[in-house]
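There are 4 protein chains.
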Amino acid sequence: MKELSQENLTTVIKSRPQNSHKGTFGRSVLIGGNNMYGGAIIMSSEACIKAGSGLVSVVTAEKNHTALHARLPEAMVLDWAFTQEFSDLIETADVILIGPGLGLDTHSRQMLEKVLQHQKSEQWLVIDGSAITLFAQNQYSLNYPKKVVFTPHQMEWERLSGLKIIDQTAANNQAVQKQLDATIILKSHRTEIYTASSQYRNPLGTPAMATGGMGDTLAGMITGFLAQFQEKEAAICAAVYLHSLIGEELGKEKYVVLPTEISKNLPYYMKKTEEKR
Amino acid sequence: MKELSQENLTTVIKSRPQNSHKGTFGRSVLIGGNNMYGGAIIMSSEACIKAGSGLVSVVTAEKNHTALHARLPEAMVLDWAFTQEFSDLIETADVILIGPGLGLDTHSRQMLEKVLQHQKSEQWLVIDGSAITLFAQNQYSLNYPKKVVFTPHQMEWERLSGLKIIDQTAANNQAVQKQLDATIILKSHRTEIYTASSQYRNPLGTPAMATGGMGDTLAGMITGFLAQFQEKEAAICAAVYLHSLIGEELGKEKYVVLPTEISKNLPYYMKKTEEKR
Amino acid sequence: MKELSQENLTTVIKSRPQNSHKGTFGRSVLIGGNNMYGGAIIMSSEACIKAGSGLVSVVTAEKNHTALHARLPEAMVLDWAFTQEFSDLIETADVILIGPGLGLDTHSRQMLEKVLQHQKSEQWLVIDGSAITLFAQNQYSLNYPKKVVFTPHQMEWERLSGLKIIDQTAANNQAVQKQLDATIILKSHRTEIYTASSQYRNPLGTPAMATGGMGDTLAGMITGFLAQFQEKEAAICAAVYLHSLIGEELGKEKYVVLPTEISKNLPYYMKKTEEKR
Amino acid sequence: MKELSQENLTTVIKSRPQNSHKGTFGRSVLIGGNNMYGGAIIMSSEACIKAGSGLVSVVTAEKNHTALHARLPEAMVLDWAFTQEFSDLIETADVILIGPGLGLDTHSRQMLEKVLQHQKSEQWLVIDGSAITLFAQNQYSLNYPKKVVFTPHQMEWERLSGLKIIDQTAANNQAVQKQLDATIILKSHRTEIYTASSQYRNPLGTPAMATGGMGDTLAGMITGFLAQFQEKEAAICAAVYLHSLIGEELGKEKYVVLPTEISKNLPYYMKKTEEKR
Chain A
1 MKELSQENLT
11 TVIKSRPQNS
21 HKGTFGRSVL
31 IGGNNMYGGA
41 IIMSSEACIK
51 AGSGLVSVVT
61 AEKNHTALHA
71 RLPEAMVLDW
81 AFTQEFSDLI
91 ETADVILIGP
101 GLGLDTHSRQ
111 MLEKVLQHQK
121 SEQWLVIDGS
131 AITLFAQNQY
141 SLNYPKKVVF
151 TPHQMEWERL
161 SGLKIIDQTA
171 ANNQAVQKQL
181 DATIILKSHR
191 TEIYTASSQY
201 RNPLGTPAMA
211 TGGMGDTLAG
221 MITGFLAQFQ
231 EKEAAICAAV
241 YLHSLIGEEL
251 GKEKYVVLPT
261 EISKNLPYYM
271 KKTEEKR
Chain B
1 MKELSQENLT
11 TVIKSRPQNS
21 HKGTFGRSVL
31 IGGNNMYGGA
41 IIMSSEACIK
51 AGSGLVSVVT
61 AEKNHTALHA
71 RLPEAMVLDW
81 AFTQEFSDLI
91 ETADVILIGP
101 GLGLDTHSRQ
111 MLEKVLQHQK
121 SEQWLVIDGS
131 AITLFAQNQY
141 SLNYPKKVVF
151 TPHQMEWERL
161 SGLKIIDQTA
171 ANNQAVQKQL
181 DATIILKSHR
191 TEIYTASSQY
201 RNPLGTPAMA
211 TGGMGDTLAG
221 MITGFLAQFQ
231 EKEAAICAAV
241 YLHSLIGEEL
251 GKEKYVVLPT
261 EISKNLPYYM
271 KKTEEKR
Chain C
1 MKELSQENLT
11 TVIKSRPQNS
21 HKGTFGRSVL
31 IGGNNMYGGA
41 IIMSSEACIK
51 AGSGLVSVVT
61 AEKNHTALHA
71 RLPEAMVLDW
81 AFTQEFSDLI
91 ETADVILIGP
101 GLGLDTHSRQ
111 MLEKVLQHQK
121 SEQWLVIDGS
131 AITLFAQNQY
141 SLNYPKKVVF
151 TPHQMEWERL
161 SGLKIIDQTA
171 ANNQAVQKQL
181 DATIILKSHR
191 TEIYTASSQY
201 RNPLGTPAMA
211 TGGMGDTLAG
221 MITGFLAQFQ
231 EKEAAICAAV
241 YLHSLIGEEL
251 GKEKYVVLPT
261 EISKNLPYYM
271 KKTEEKR
Chain D
1 MKELSQENLT
11 TVIKSRPQNS
21 HKGTFGRSVL
31 IGGNNMYGGA
41 IIMSSEACIK
51 AGSGLVSVVT
61 AEKNHTALHA
71 RLPEAMVLDW
81 AFTQEFSDLI
91 ETADVILIGP
101 GLGLDTHSRQ
111 MLEKVLQHQK
121 SEQWLVIDGS
131 AITLFAQNQY
141 SLNYPKKVVF
151 TPHQMEWERL
161 SGLKIIDQTA
171 ANNQAVQKQL
181 DATIILKSHR
191 TEIYTASSQY
201 RNPLGTPAMA
211 TGGMGDTLAG
221 MITGFLAQFQ
231 EKEAAICAAV
241 YLHSLIGEEL
251 GKEKYVVLPT
261 EISKNLPYYM
271 KKTEEKR
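Going down the list, the sequences are from chains A, B, C and D.
First residue of the first sequence: 1, per UniProt numbering; consecutive thereafter.
First residue of the second sequence: 1, per UniProt numbering; consecutive thereafter.
First residue of the third sequence: 1, per UniProt numbering; consecutive thereafter.
First residue of the fourth sequence: 1, per UniProt numbering; consecutive thereafter.
Think of the hints as simulated: they come from the structure by calculation, not from any bench.
Some hints here could point you the wrong way.
When chains are identical, the list treats them as one kind, so a pair holds in a single copy or across two.
With a Cα cut of at most 25 Å, we get these calculated SDA-like pairs of lysine to any residue [claimed, not checked]:
(1) K22 x I165
(2) K254 x A234
(3) K254 x Y269
(4) K254 x K271
(5) K252 x E7
(6) K276 x E231
(7) K252 x N265
(8) K264 x Q139
(9) K63 x Q199
(10) K164 x T24
(11) K164 x Q18
(12) K264 x T206
(13) K22 x Q168
(14) K252 x T10
(15) K254 x S5
(16) K146 x T206
(17) K22 x T169
(18) K63 x D79
(19) K146 x T92
(20) K252 x R16
(21) K14 x P203
(22) K63 x E85
(23) K2 x Q18
(24) K63 x N35
(25) K254 x S20
(26) K120 x R27
(27) K22 x R201
(28) K272 x E248
(29) K14 x E249
From a predicted model like this one, the values you see are computed outputs, not experimental measurements.
So here's chain A without its partners, still in its complex pose (with noise of 0.2 Å):
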């Protein structure tokens, strides 16, 4: 198992070219966020922007739309009763993110059906959250599964994997990314990344960070990531890296970090990582 490092950043942040436009970043469609559970999404958002998505659209019920602008207008948001709309959004994505506070019910499950069908081969899709448990006990399939990213907890990982948290071994763990055939993300004190030819180990993290949120946040950052950096496994590992680093950072001044300082610090972070190049 690879450990995750500095190198692990800068191979990935490069300074941007010159010549470029909000599109050369990436279009991010992130969806979640139900009527209880909207600062999920709202978080995954603000990481989204402030890793540098070039645009980013937010569809979540139409409760959370204020409290998303009053934080973020940066963002475009979609009332996510509206289907047709939802249809057409998500066809114009470089990336999606499902899952963020979007609850288990039939609404929710009928999007994340929509998003698996109409996945479009060039579209990567990270799936977070509830998500994964509605995959789970749906026992849906992907359609490019080497596009999709997997981002559980430890027992989110059960119901996906099957396998009891003590039988988290990694050699199980990659038998089953091998039969899913996506990239996984194993967030716990010490988070694993498994993809079909790699297995990378984050040496950071602190306890300063183990509030709610830091999931939705790290999604936000992962979608944002794959919106505007070529080499995505690559990108992948970037993010988990960086998400620990700047909450150990921040860890060191602050007995609790919240999510959302992750991301306020993101842009200072990614341009220190620029410059050590």
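Using the hints, position chains B, C and D against chain A.
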């Protein structure tokens, strides 16, 4: 009467265990905020999350959800009109806070009744603000008084104890504490804490903190400390002391210290305490 | 005409009494903010709370509650459609402010009428913005004029006094003040204050402050100062001077000073004044 | 083609006249922000106010009012469904901006038609975003073209001019400018400005600014500069240059510069320019 001191902080605020996750630091459920006093439960929520509770759900009038999320996407929300979901949610709590901005009408009273009926032996319960008044008016009793904290100011204590402010001496207060069998935090210029075995006096506090919402913030801090720290009486003492300590420190630069600034500074002061050990 | 100076601040902004609570610093009720001008009453509220009023309730169109709470959970709110609760609330006030963003329609006029009818002899009343225009249009009279402050700009003063801007000389202004028997704060490039016994001129103010909302902020400051300080004429002078002093200071770094930045800086400047004594 | 430079700023951003009030610095009316793109008009509003327009009213879908006020109580709002009030409001404007987040549906088109019909000879009009597309689709004409500014990016310019991106040479662009008789700000990696008498090229700009909302922010700045500065062509050039200058400066510390950060920094950079004179 023991005087609270820096030692009450260092005893409690230790380095977090490395191998931990958000569940390690407790699930808090906060109930309050009607159509007029929504700000109260927002302030409690900020204090609870920034004090380090791993997961925080807020049960409040639907009207308050957007303002809460605009400030704090880290919180989860439940419309307090949903009675079944309310029962399900309090079932999951490690600590319940009821009262900030709750109001005195029938629905508020019914929520308090449900909380009192459903408190489980392992759950801590903090009763603040209008919930204290409702408790006194309706002469409720407690299932697990040893796991209950009341946080009255002097007028609320008069209602709850029957002691007029002039009669609120340490001896009289302690006598009522014995009847109630719960922990009493009697808020004033110099806050006092009465438990079954001890009396504590807070030597700190500044008139810069004499502004609406300070009590809501303290209630949220106590909840967050109970959620994550194991020694409960010590956690309560630490929350009371730290609240005033931060207020005093900020009061050196500000004529008025807003409650939300106390919360904002919590992660820094908790870290400083950890480092002093 | 006396010139306001630093001394007007040091006379008023003293160290707060140690043994105090939020009630010590006064209860303010602020009325304004219709569907178009909700920002005005939000700005007044921020100024009033950050100036140190112990308790602040805001009566405004329901539409404005969420934005207010998103910025300032320290405020309490009342939907201004609720007439009985409105009467109950103004009954409890130490100081009432009516006018910022109030508008000129029937409901606004009715609220002004109710305030004018119900003002008690011990309550101070600040009449600002559209409430001045309504007052002038309807030729209302005052029950306790010595406890009323009008804060017109020059156009509003023309409506209230009948004096065209060119005729607004100190002598003419003072003559109208005698008729009204209230305190007049005539806002302009160099604001003037007319009381029964004195005239004051503010030597401060910068064109960086010439932006919408400055008057709403000043009205909120005056209200907060009346709520907490005992010498009322001195408190009014201090509020006027401090508003411009902070604006000038911030204007050294900023081409435009937003009203909300004045409020944000209030607690620091008030502390500096306390320390200068 | 003239290259924009620091001189374009110092010519325009002078010390404000001492004896001034909010009316001195112009009344702006901003129209945009439908149910999906509310963030766009919020970003324009922030830029316009922080650039120094004395009074700013925002006509947008009612849904966007709360988020706007939560960020910016300095703005006034009008529900864009109210057609009579809309007509009354644009009557009062010194500068009108229409387009950011406006959308392309019938109601949006009708608002654009009304603005085009009612523009008065002394009013400046900025046409941005979807309003450019609507203008091109419907082949509208201008009453006072010399007082109109179009702010297309290259795709919008293709729609408006009929020139494919590859054919958008200076000569071709200038030829279309002559037909339209309006000022054209052609946004790209290196933005160009075409007026009746001159062509300008902006040498600044960084890929850190390639993120959604930058154009909305620029449109708001141009509006704010037109509102307060007398030399209109110079004001436009200054806005374009300053927008990129701030972006470049912030881009030295941040990998991604959010549009709202440009606005936040406007008052400081404008002050620095004033002091350089």
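Name the hints, by number, that the structure is in violation of.
Going through the list in order, the structure violates hints 8, 9 and 16 and respects the others.
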